[in-house]
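There are 4 protein chains.
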Amino acid sequence: MTDFFKGIPQIRFEGAESDNEFVFRHYNPDEMLAGKRMEDHLRFAVAYWHSFAWPGGDPFGGQTFERPWFGDSMALARMKADVAFEMFDILQAPFFCFHDADVRPEGADFAENTRNLEEIVDYIGTKMEGSKTRLLWGTANLFSNRRFMSGAATNPDPEVFAWSAATVKTCMDATQRLGGENYVLWGGREGYETLLNTDLARESEQMGRFLSMVVDYKHKIGFKGAILIEPKPQEPSKHQYDYDVATVYGFLKRFGLENEVKVNIEQGHAILAGHSFEHEIALAASLGIFGSIDMNRNDYQSGWDTDQFPDSVPEMARAYYEILRAGGYTTGGTNFDAKIRRQSLDPEDLILAHVGAMDVCARALKAAAALLEDGGLEANRQARYAGWDTPENRALLSSDLASIEARVRAEGINPQPRSGRQERLENLWNRFV
Amino acid sequence: MTDFFKGIPQIRFEGAESDNEFVFRHYNPDEMLAGKRMEDHLRFAVAYWHSFAWPGGDPFGGQTFERPWFGDSMALARMKADVAFEMFDILQAPFFCFHDADVRPEGADFAENTRNLEEIVDYIGTKMEGSKTRLLWGTANLFSNRRFMSGAATNPDPEVFAWSAATVKTCMDATQRLGGENYVLWGGREGYETLLNTDLARESEQMGRFLSMVVDYKHKIGFKGAILIEPKPQEPSKHQYDYDVATVYGFLKRFGLENEVKVNIEQGHAILAGHSFEHEIALAASLGIFGSIDMNRNDYQSGWDTDQFPDSVPEMARAYYEILRAGGYTTGGTNFDAKIRRQSLDPEDLILAHVGAMDVCARALKAAAALLEDGGLEANRQARYAGWDTPENRALLSSDLASIEARVRAEGINPQPRSGRQERLENLWNRFV
Amino acid sequence: MTDFFKGIPQIRFEGAESDNEFVFRHYNPDEMLAGKRMEDHLRFAVAYWHSFAWPGGDPFGGQTFERPWFGDSMALARMKADVAFEMFDILQAPFFCFHDADVRPEGADFAENTRNLEEIVDYIGTKMEGSKTRLLWGTANLFSNRRFMSGAATNPDPEVFAWSAATVKTCMDATQRLGGENYVLWGGREGYETLLNTDLARESEQMGRFLSMVVDYKHKIGFKGAILIEPKPQEPSKHQYDYDVATVYGFLKRFGLENEVKVNIEQGHAILAGHSFEHEIALAASLGIFGSIDMNRNDYQSGWDTDQFPDSVPEMARAYYEILRAGGYTTGGTNFDAKIRRQSLDPEDLILAHVGAMDVCARALKAAAALLEDGGLEANRQARYAGWDTPENRALLSSDLASIEARVRAEGINPQPRSGRQERLENLWNRFV
Amino acid sequence: MTDFFKGIPQIRFEGAESDNEFVFRHYNPDEMLAGKRMEDHLRFAVAYWHSFAWPGGDPFGGQTFERPWFGDSMALARMKADVAFEMFDILQAPFFCFHDADVRPEGADFAENTRNLEEIVDYIGTKMEGSKTRLLWGTANLFSNRRFMSGAATNPDPEVFAWSAATVKTCMDATQRLGGENYVLWGGREGYETLLNTDLARESEQMGRFLSMVVDYKHKIGFKGAILIEPKPQEPSKHQYDYDVATVYGFLKRFGLENEVKVNIEQGHAILAGHSFEHEIALAASLGIFGSIDMNRNDYQSGWDTDQFPDSVPEMARAYYEILRAGGYTTGGTNFDAKIRRQSLDPEDLILAHVGAMDVCARALKAAAALLEDGGLEANRQARYAGWDTPENRALLSSDLASIEARVRAEGINPQPRSGRQERLENLWNRFV
Ligand SMILES: [Co+2]
Ligand SMILES: [Co+2]
Ligand SMILES: [Co+2]
Ligand SMILES: [Co+2]
Ligand SMILES: [Co+2]
Ligand SMILES: [Co+2]
Ligand SMILES: [Co+2]
Ligand SMILES: [Co+2]
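Protein chains in written order, with this note's numbering: chain A, 7 to 439; chain B, 7 to 439; chain C, 7 to 439; chain D, 7 to 439.
In short, the hints are calculated from the structure, not lab data. Don't take each hint at face value.
[As the list claims (entries may be wrong)] Derived pair list, reagent style DSSO-like, types lysine-lysine, alpha-carbon separation capped at 30 Å:
id, chain 1, residue 1, chain 2, residue 2
1, A, Lys244, D, Lys226
2, B, Lys244, A, Lys259
3, A, Lys226, B, Lys259
Given the sequences, and given the hints that come with them, work out the whole structure.
Here is the structure:
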């Protein structure tokens, strides 16, 4: 038991009227809605990296956080895990997520990295035995170390490809060892800084092969979870290959992996790609590749990945509405890939950022569920496309241009526009949100 | 013979040192480079819409251009065609492009639209007999009329789907009648304003079927040209389905059309999607779907489609370098989808905007060709990936994670980064541009 | 009495639980909060242009709205006014705003424009006698007509300067005649398309003189309202001189007008300039030039002025919080410079868009007032700066570098950072919003 | 003499046709144009921070550069200075620029910082005696250390204000000691992360006082150089107070400092603020506050400060054209606030990035000078405003609205638009660039 969070109580639901800062006002894990416990809908996860491994730096300044576990030894890595599980316990978090580099010190070579990882994974496994918190997903950090500066799977140097493949193997092993429900790949360095030195065709071939091997290994070891790609358009690279959901879909189709791999959609990455978060979720659902979400928020007016905690109920409600419409999560969940601001120095900031975000998500989920149950929005959507329900019109989709032209002429078809009713639907939305 | 361009001479090549405003300084059609005449490399096309149909309006102001052919009669449509061919002749343009709505007045119904189109197409056909200018591509305007406000192929109203299909048939017929080398689809209204009233799955199914019918009709009538989709991320719609090249690729793969349809890439649309123009070209080439380009420029700092004439030789050189690397155009060309600013009121502005743009493209092409011939950039690219040339390393791509991990351990692989040399390559670039 | 809104009832407050679409759920004009009636806090105005003069066009499509009053005659202008006042009555709108070009047909010359304006202003004056709706502000449209394509006050042609000055005179006269509480200037064409043909120094001198004359004329005619500039960074121009609040402040200081002119801040324009709406309000308040707001919303991901109706309570609450902190409006108000989407064809859409927006603003105002009354946010703000309250520290501001350096050395000052508590404040915010 | 640049020759001018990578192709210091040596026009400076203090990190990865001088001792600081002057010598750089934190190790307290600074400044002074390289400007790094996380002059904690003031004093002393021609302030942390905890009025008052003290101290110590503010809109802060040139101008006017302080304009910061670089230069010149430039380039499509070396001759030409129009630099210069990409690991990359950028600037300067000498652009600009040259029209600027209206009526003024000729001017531009 560390004393990092000394004096901070376990967070419990007290309702919206509570005056207490250290309570949930809206997140009530056992409350039933739409046929499930709220906890089982939301499946919150804490991200190890932002909360425990990030020192508070930004491009113009260094470390602001002074954490007793910062450093490179295994002892400190265990202290970090202790604090992490204390936070999971305070928040009663159902899940967490991690990269290898978050939990273990960097070693001198691959073998040491692996030993470090295995040792700390054992330690974490022991901690999980005394905790309600399970593993939503594991992943490999293939972007921070300088060896990855020109890519991991897409590196011009085959040795980096090999190192990366070997590392992913160890991380998949670790994920399975800890009962993870998913394995995630985020290709932060899979992209380029300049086309002048880049061979797009070669790099995408490398990436396709790499992913195929990941899928094969999943089957080989009998991993039951989902393989997820996390799209992001740029940063750190000038251009990243997993730009957005539509791009990842095309990539999966190209390599025949569309039934094997799904997406982990991050709010901030959706924004950077020029999409709304709900667009990316709805698109993934329509393509059958929706997996999980990284819940955070990006500043719309800062062109980098701010990874802030979400604070807007209406925006989050859009996301949960699409998730509920798609049937909710299967293996996925709501991972807070979010970091407190570098000025938020106190342990309380770390706890309360999560508490506030969990409440925002809970409010959003409740609003979305109520609107879906109301049915008004879906009824309007159906009515708008109702013209397609006649056999004659449905047949248009299996006709041909010449036949359709003949029909337009014969029937004197001359379509008249009908109101899209956007503002009325926004008003309906605002009755629930 | 109209007198709109009275006093403006045919533009001829005079070289960089000329003092004459009405000459080409760099575009010399018969000059050979990289084994072809410059004209045959560049395959310039004039866009009918911007030059002859656009009145000069913007969202805060109306018409600024006062053209004698503005109006809705067939007589004025013929005058417009007369002026257009006079401009083609002044520029010695090898190609032009048009939408149905550019060349014919809007009729009261589908039948009248078609009659108007057929009549003016005959007229244009006659004019082409006396002209060197051929048709690069035709297309249907499925976005300006209010009937398309909620989409064409993706409209919730099946009658609009039918109207659109019938219209595309007539436009494909017109394109074939005029010997067009391609047929283009730009889905300006294929997208949505708000997800609240939109069914993504249904609309993409409609769009997939629509495109399949277009491909079928091409084969039915024996059209030899290419079918091209022009990606654009948004504007006029909040979100458009043909977002960018990667998105279109995924869509084609989904409907099994990746060998039937290519892309027409516009500089401004690439920019709006967050990509460089050369990225989109290089990506399309690597995926085997590069078709043609709409050459213009967008203001990087104005978030809408400014469709200006290109003025930057270095930027255009990046584009032509990728086109040359991909082997050059087959059916495609360089279409100036560009409009003079609404303050550029004079006939001279219209001519000289094209002259300047053609010169910019010619300089860019020459620089790109010289750099490609020099070989320095390609040699560096190859050297960067040379590690993959050994059988052992090539084998990594057909290996598996566990075997690779074993090799990393066995060989103690510990990759060291090598310089990407970006600035040196930029210097090399600037020797030629 | 027209029949445009036939069957639409006057909108009345029924409370959040009502099932009726045509009611206010949150806007309750007579409800008291923070010492004033809600109506007197919010001071809603309807914008004549978007609701009655805009045909529904966008850069890729023309008119979608078919309104019986569209056209160029005085009779139609009167019908438009009739419908407008019917809408004001349905909404019980306390205010409206207009440009000259919204209310009168364009004449052949200045004299006819003025006659048309005077006649319709008389007609509107008569209508106001039977209405509760007053004039929040009037303004001159110095951007739509082609004569303004290169600027109004900043035009290279002095005749346009003269025309613009004369027009503003007639619009100020009209505003005073109708009891307007403010006069607004938005310089849509005061800016440039290209620096290549622009003389910044000359144009800003013209603009400064123009504004000084407006202020002089206000005093000459005894107009009691405020003169307001509405900042916008670009669109329609590439660059506009009234870029944002800070830019306007510098301009006012330069011409000695900072005590004579205030700002009308539009949400969408703030966004386009890279600022949050609340930033612009807070900044203007801190500089003593806060006047009024144009309430709408811009799509953060569309780089043009979408002028949508606001739909986000949390965002609007940020704005009203700053307005309340600044003491609320004096002459200003909440003008809906917002337009229904071009697919929203029905009269009901026009009414309900306003109803929804008024409710959003009312919820936002109530949340902001409650948080301000709670005092928690302000107490935290004060505590954060409390170190400055000692005489010794206050004296730093009137010291000099050498003395301060001596003190730092003498006292061994070595400041330690303290948490900024951003997430905790966001949580506090979300208790109220 | 270190061996870091071993084998790299001093760079000499060889002309465009040279095959040698390590030469200037266009930068020929002694070449005369527009009445001055090229070196005296361009006044290039190397930035100490990017080249010698930056480890190559980005938000997703750490150090990539392995430099023998990295570390925290005075001995390493001296080695860093040795290498820096070796690079200055290789490049024959006329100037350099530095922050205190670039050149000295961070000490335990203010006294140690100052001792370290003084010692290394002495060392640098000695090195300058054997070098042609002079100091363009010095500055204080008031943003990297965690003590500045909430601001320097604008910190809520008066002790940070005091620390910052004392530090600026020492940096001004150092700048004067080394014969610096300017002193720069960049307020990276002068701004806010969230309005929720910020008092704008108080912070701007602090900032105004701080700057006034800087000006007073300049006069006190008889520093002959210029005081420069470097605007930037955001990053690292969400909002920064010195947003752009117009904002800084308003701030200077507010505190009566517009004749004491000028601006140092950075290309990348102009871009982030939504402006072109040439706009910011032209605006500053028109307001009488143009000082110096930080020459780099930002990626238009990456929303953060990429600080790349410039590579576009046409873009740089726009900048130098405005600088030449404004009469050229007085105390200012062209500082390369640019960093090699983190993948550019080699010493050669560091040298050649500067060489390429110097050549790009030289080409741009020559093009701009030729165009200015040609006079065509300026003649067109004058002709466009020539209507203002008559006494009658000039009098409009000292008239009043009522008189102007009378004149418009009396003369039947009805202005007709004239072409702005943008494309023709772009063509003219491209004859020279
Ligand atoms: Co993420
Ligand atoms: Co992120
Ligand atoms: Co196009
Ligand atoms: Co375009
Ligand atoms: Co407005
Ligand atoms: Co607006
Ligand atoms: Co800088
Ligand atoms: Co910068």
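The hints, checked one at a time:
| no. | hint | result |
| --- | --- | --- |
| 1 | A:Lys244 to D:Lys226 | violated (47 Å) |
| 2 | B:Lys244 to A:Lys259 | holds (26 Å) |
| 3 | A:Lys226 to B:Lys259 | holds (28 Å) |
When each numbered hint is compared with the structure, a violation occurs for hint 1 only.
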